[in-house]
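Visitor: Below, each chain spelled out in residue letters.
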Amino acid sequence: MAEKDKPRILPGDKTGPHIVSYRFHFGIWLGLIILTAMTVLVSVMGISLIAFSVITALFIASAKAWVVASYFMHLKWDHITYRIMGGIVMLLFLVFIILTGIDYLTR
Amino acid sequence: MSIAASHPSSFYADKRGILSWIFSTDHKRIGLLYFYAIFAFFLVGVVLGLLMRLELIAPGRTIMEPQIYNQVFTLHGVIMIFLFIIPVIPAIFGNFFLPIMIGTDDVAFPKINLLSWWIYVIGAIFALLTLVVGDGPADTGWTFYAPYSVKTGTNVTLAVLAAFILGFSSILTGLNFIVTIHRLRAPEMSWFRMPLFAWALYATSWIQLLATPIVGITLLMIVAERVFGIGLFDPALGGDPILYQHLFWIYSHPAVYIMVLPAMGIISEMIPTFAKRTIFGYRAIVWSSLAIAFIGYFVWGHHMFTSGMSGPARVVFSLLTFLVAVPSAIKVFNWVATLYQGSIDVRTPLLYTMAFIFQFLIGGLTGLVNGALATDVHVHDTYFVVGHFHYVMFGGTAFAFFGAMHYWFPKMFGRMYNERTANTAFTLLFIGFNILYFPMLVVGIMGMPRRYYDYLPEFHLPNVISTIGSWILAAGLILMIANLIVARRKGAIAGRNPWGGVTLEWQTPSPPPQHNFDETPRLSEKGPYDFDLK
Ligand code: HEM
Ligand SMILES: [Cu+2]
Chain A
1 MAEKDKPRIL PGDKTGPHIV SYRFHFGIWL GLIILTAMTV LVSVMGISLI
51 AFSVITALFI ASAKAWVVAS YFMHLKWDHI TYRIMGGIVM LLFLVFIILT
101 GIDYLTR
Chain B
1 MSIAASHPSS FYADKRGILS WIFSTDHKRI GLLYFYAIFA FFLVGVVLGL
51 LMRLELIAPG RTIMEPQIYN QVFTLHGVIM IFLFIIPVIP AIFGNFFLPI
101 MIGTDDVAFP KINLLSWWIY VIGAIFALLT LVVGDGPADT GWTFYAPYSV
151 KTGTNVTLAV LAAFILGFSS ILTGLNFIVT IHRLRAPEMS WFRMPLFAWA
201 LYATSWIQLL ATPIVGITLL MIVAERVFGI GLFDPALGGD PILYQHLFWI
251 YSHPAVYIMV LPAMGIISEM IPTFAKRTIF GYRAIVWSSL AIAFIGYFVW
301 GHHMFTSGMS GPARVVFSLL TFLVAVPSAI KVFNWVATLY QGSIDVRTPL
351 LYTMAFIFQF LIGGLTGLVN GALATDVHVH DTYFVVGHFH YVMFGGTAFA
401 FFGAMHYWFP KMFGRMYNER TANTAFTLLF IGFNILYFPM LVVGIMGMPR
451 RYYDYLPEFH LPNVISTIGS WILAAGLILM IANLIVARRK GAIAGRNPWG
501 GVTLEWQTPS PPPQHNFDET PRLSEKGPYD FDLK
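Each protein sequence line maps, in turn, to chains A and B.
For the first sequence, my numbering assigns the number 1 to the initial residue and increments by one for each residue that follows.
For the second sequence, my numbering assigns the number 1 to the initial residue and increments by one for each residue that follows.
There may be inaccurate statements among the hints.
To be verified - Calculated Cβ distances over 10 Å to all of chain A for the following chain B residues: (1) Ser-9; (2) Gly-281; (3) Phe-322; (4) Ala-329; (5) Gly-342.
Unchecked claim - Just a few of them, taken from the derived set where beta-carbon distance is under 7 Å, the chain A residues facing chain B: (6) Arg-23; (7) Phe-24; (8) His-25; (9) Asp-78; (10) Ile-102; (11) Thr-106.
To be clear, the hints were calculated from the coordinates, so they are not data collected in a lab.
Even for Gly, the Cβ is constructed at its ideal location relative to N, Cα and C.
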């Protein structure tokens, strides 16, 4: 294998083996199911404050995304750079919502 | 398939036959596959454009019915945007040259790379299917605005699915390039020794990766509304049409930077080569690419000033739009400063570069007119906008693409074209382009609306001039293509480095060998544009 073909590990990489047990993954999955059930509940229970149910749904969805990214996609064990990248994406998403919100809330 | 001047170790010689191409995972072959596919669609789009111009040569009906005209401009727009201008530079030259320029032997995921080409082909087939089934191609414009796109009987569903599928191709290319740049750079190739084309692709890839899914979902929502009657955008079903515009432009404004950033990267490669000096303000250009990619996410509302969006939102979006002009201007200053006191060698690619700067400048400055809330209210949906975006996309990106074709042709095919003919073709293209589009800016200010097959008699003269320009442009295109086809078969052998370039692709044979280099390329400590390295 030529020098340049070797996988390069960034300094500070914790990408060594980080095998996580089935039991742990199963737990995460169960958590996701519960969160999904909550999303459904919030929408069908017809909570009168519609804005709140939207906000709650968004919060739950964000929490789920965070769990999937950290555990299933292994960001939690990855180099900090990748976590920062993930953070920037979340920030971007927040800005989309804020800018669209400026339109809807001042119309 | 290979009639290029191929020496025994060239990647053309490696394997033969059509299957060795359409199932190849070699980034160079995939780049060429994209090249032929994308160029073919470009020509289809051009023919549709010429037909529209012919219809508009005189008021009233000339060659087609209004409904056909609506379908033609939609198909023209869809082809030019999704099949041509978005993939053109990353998928062709990015694939072919990125790995070579950063000193590696392929992209990070070669099979995914091949997959992205196949997805492109499938998406293209969907777009073409709209021609032959049902009530014909969509008539909504390439923007598919709701609620009309929900109600029209034309093939919106298929067209939207085509755009959805093509989006995946774009995402996979972006993903591949990001990982390639992070992981596969040659050992001495630090971030700030990367050529500016690689940086431009890096910034572009992030947009492809993060913005494309948004339009994907939005287009699926149109399908859901059409097919299942779910009320998302159509007010009659309880939906909100302005929400569609928000979602559409959250992608499609960043997408204009997918279209133009790679072109800027190419310009930043060609200028040092033909000025024979290092680029002025390397880091400024790098940071401006990243800044454009980032700020570009926050300005989408400038497409919606007359949509009924709230007043404060319009002010905020207008303000943010002016911010994004700054990094673009930084690049233009740096290019001009590089030319200053260079020993300029006026070859064909440099001519395209100069045309790019001139036309992009007009496109950019007219963009400020559109970005300013007070003026846009007057020019929105007029021919001024059509003139503006053709100056940016065609005068900018497509001219950079033509320039790159002439710049890298000897590297890709190992042969040289006739420069005198190439320059004649360039002259026709340049003159034709400006005669075609400048009158659109004028007639737009006069108040001629876009997307109609007819116009008031007082707009006649500029429209005639514009149509004549389209013929000159077509002549230039034909000459350019003929010249390159001849060169590919009969051109003089080009050698490694016909222009005296210093980035890594010039250190390998033309065409490159299967694994890109025959000897370890040399890198300068002083960055990628060190013309003292010899
Ligand atoms: C020979 C070259 C071309 C000609 C003659 C041409 C002409 C036209 C005309 C007449 C329209 C209709 C404007 C309207 O009524 O609103 C149009 C629209 C458009 N053109 Fe071109 N064009 C050409 C090349 C290009 C290129 C290279 C691109 C992109 C890179 C492009 C992108 C578009 C887009 C996106 C639209 C808007 C379609 C829509 O309204 O949905 N065109 N063009
Ligand atoms: Cu925009």
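Visitor: Of the numbered hints stated previously, which ones are contradicted by the structure, given in increasing order?
Guide: Numbers 6, 7, 8 and 9, in rising order.
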